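Novice: Each chain, written out:
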Amino acid sequence: MRVLLIPALAAGLLLNGVARAEPSAADGRTLFVKVGCYLCHGYQGQGGAAGPRIAPDPLPFDGLAAFVRTTSGEMPPYSEKLLSDADLADIYAYLQSVPRPPAVASVPLLKQ
Amino acid sequence: MKVDRRTFLAGVAVAGAATVPAPHGGTAAAAPAVKFPSAAALAAETLVPAALPASSGKPGSDFMVDVIRSLDIDYISANPASSFRGLQESIVNYGGNQKPEFLTCMHEESSVAMAHGYFKIAGKPMGVLCHGTVGLQHASMALYNAWCDRVPVVVILGNIVDATKRRPGVEWLHTAQDVAAMVRDFTKWDDLPASLQHFAESTVRAYKIATTPPMAPVVIVADGGLQEAPIGDGESLSIPKFVATAPPQGDTGAVREAARLLAAAQSPVIVADRLARTAQGIKLLVELAETLNAPVIDQYGRMNFPNAHYLSHSERGRALIGQADVVLGLELTDYWGTVNAYTDNHERTTTSRTKAGTKLISIGVGDLYTKSNYQDFERFAAVDLPVAGDAEATLPALIEAVKSALSAERRAAIAGRAEAMRKARAATRERIAVDATYAWDASPVSTARVAAELWAQIRSEDWSLVSPDNFFSRWPHRMWTMDRPHHYIGGSGGAGEGYGLPAAVGAALANRAVGRLTVNIQCDGDMMYAPGALWTAVHHKIPLLTVMHNNRAYHQETMHLQRLGNRRNRGVDRASIGTTITEPNIDYAKLAQSMGMWAEGPIENPADLGPALARAVAVVKRGEPALVDVVTQPR
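These protein sequences, in sequence, are chains D and P. For the first sequence, the working numbering assigns the number 1 to the initial residue and increments by one for each residue that follows. For the second sequence, the working numbering assigns the number 1 to the initial residue and increments by one for each residue that follows.
Chain D with its partners taken away, still in its complex shape (with noise of 0.2 Å):
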């Protein structure tokens, strides 16, 4: 799928000197689930008790990064010896390939 990727993670793949042309969002599931983003968020991002949702709407991907390097919250932070600016963009461009949930009313279950 089409993934929109803003300036800045470019430049970072330059910078970084990774010959990528465009994230994967294949690589991006295999890798959120390798370095454990599905424990708290669940495999599709949709989050849970453990960790918000984070599919298919993230954050902005600066912001998503910066929090993903930083974070002092509940989170664990990925340093980019954990997870490199390549991996984070293949993984942003998964959450952005999640499919988007039926609307609550074409969901008989969840009539209330």
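Please keep in mind that the hints were generated in silico from the structure rather than gathered at the bench. Quantities reported herein were computed from a predicted structural model and do not represent experimental measurements. Accuracy of the hints is not assured; some may be wrong.
With a Cα cut of at most 30 Å, we get these calculated DSS-like pairs of lysine-lysine [to be verified]:
id, chain 1, residue 1, chain 2, residue 2
1, P, K99, P, K208
2, P, K621, P, K99
3, P, K58, P, K283
4, D, K111, P, K423
5, P, K165, P, K283
6, P, K188, P, K124
7, P, K208, D, K111
8, P, K188, P, K241
9, D, K111, P, K541
Assemble chain P onto chain D, guided by the hints.
Specialist: Leaving out everything else, chain P in the frame of chain D:
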């Protein structure tokens, strides 16, 4: 004739043998190989020997059954063992295995957990028989859970005090001088009766102590000799009448001061944890909340407050605590954790959640009984007005005092809070429904989807959720309508694994008596501590719907390894080592089927879930347990 306790049965044989030729020995050796028994010998084999007094036909353990019956104990859960063989024999033969009925468990931890779950539905204790040193060690973790959860469990513990009466070998290994010592840190009382009358009085005392708030487990040691010896000649035995002790109520002056603070508060908040012991507790909390139009934050230790009520605001708990000028904590396990935030990151930091000047009031039995060793009392909270007393018992006086303290002006101001509360509650409900749509069709199946599918199957029944839902993102609390005591019974108390399934079986047993549909959302890691409870449910025909929350991990621990791996900059690639339950995946349906239980799964496609649950509910409604294994999202 004097017969010692332990050799009573052998003694009867000796008495009979005195009238017949010795089967072995010098004289008998010379006798013919086959000899027609004399009339006296036949009588000795088939009739009560005339030489024995009539009272000696009734062993001490028969009287123990009478004592247990006097306390209206319907069931005894146990794994069979020799140290209480006398009592077990009396239960099944003398008592006819009715009131109490012997429930076969496959681990003492399960025996206690069953009693734990049973109490929270039945409202009265079940008995647990436990075997000396090894049985009590097995039972100890479950007793700790019950202790933390303030649940009375009456353990009757086999042990053989008289060293000369122990069989050589194992009986010594299974005996201790002070056998209850190992659980004394987390039981409320124990005793080692030296006579049957002592047993009667101490068992009634133990029951009374256990069921008086703060409730907790107790242990009565039933000496093996006492069980097996006959009731002595002319021994006059009686069973004291049990009369429940009225629960302690908060001091009148302190209650009035609490009422004054609440009545004057602009933004009071009520927080409840193990408050409601009965349906009346729920009604009283509703009355107090409506009198003040104060939002209620339920910490889910019990079914405290109807979750569809306009003052039910548990979802907004942190924000409301931050805005409050008065916080009323009712039977809170962790008051400090309620009003402070704690972050477990690079540096462990704490910050107050309350604004400056917020007054903290507590009502609870936590101040009445505390022990030193185990730290279940949590971090010390500097409460402004601590009131020692059972909160449910204190609520009527508090409500009355609040009403008396409200001027007409204050009543009008308080009435004005209602609309905002209703709007906030409605907005929360809408948000919950939207939240549930995310990952709706995902595989593994989302916990929201499981809760919704399950709700569709049970909502028109008289249902009871008997498992904690904190590992299930609280979806049942968020999505289902809960307003009756049996709709939710809290968790394990001590967060010790192995509670879930056996506690659910115990709760389902209590629900069976009233034909109620029992639901257990069962974590996979917890299940494997005590899978034998599946067999117990089948064997005793206890209807229970178990839905596996099969996320194939000790998920909480995976997150801990992630946290530490990140903190140490080593990554989380290996966080699954020792924390996941894969390679191989466990087939819980086959596990249940192997013990004769109806089961389906593993279900990975959410579209398959509803029909499977419908089939399982049909099985449960015909009186059998059933299990549906669902491969789920982590939380």
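Novice: Would you mind marking each hint as holding or not holding in the structure?
Specialist: Hint-by-hint comparison with the structure:
| no. | hint | verdict |
| --- | --- | --- |
| 1 | K99(P) with K208(P) | holds, 19 Å |
| 2 | K621(P) with K99(P) | holds, 25 Å |
| 3 | K58(P) with K283(P) | violated, 49 Å |
| 4 | K111(D) with K423(P) | holds, 19 Å |
| 5 | K165(P) with K283(P) | violated, 55 Å |
| 6 | K188(P) with K124(P) | holds, 17 Å |
| 7 | K208(P) with K111(D) | violated, 48 Å |
| 8 | K188(P) with K241(P) | holds, 21 Å |
| 9 | K111(D) with K541(P) | violated, 35 Å |
Comparing the model with each earlier hint shows violations of hints 3, 5, 7 and 9; every other hint is respected.
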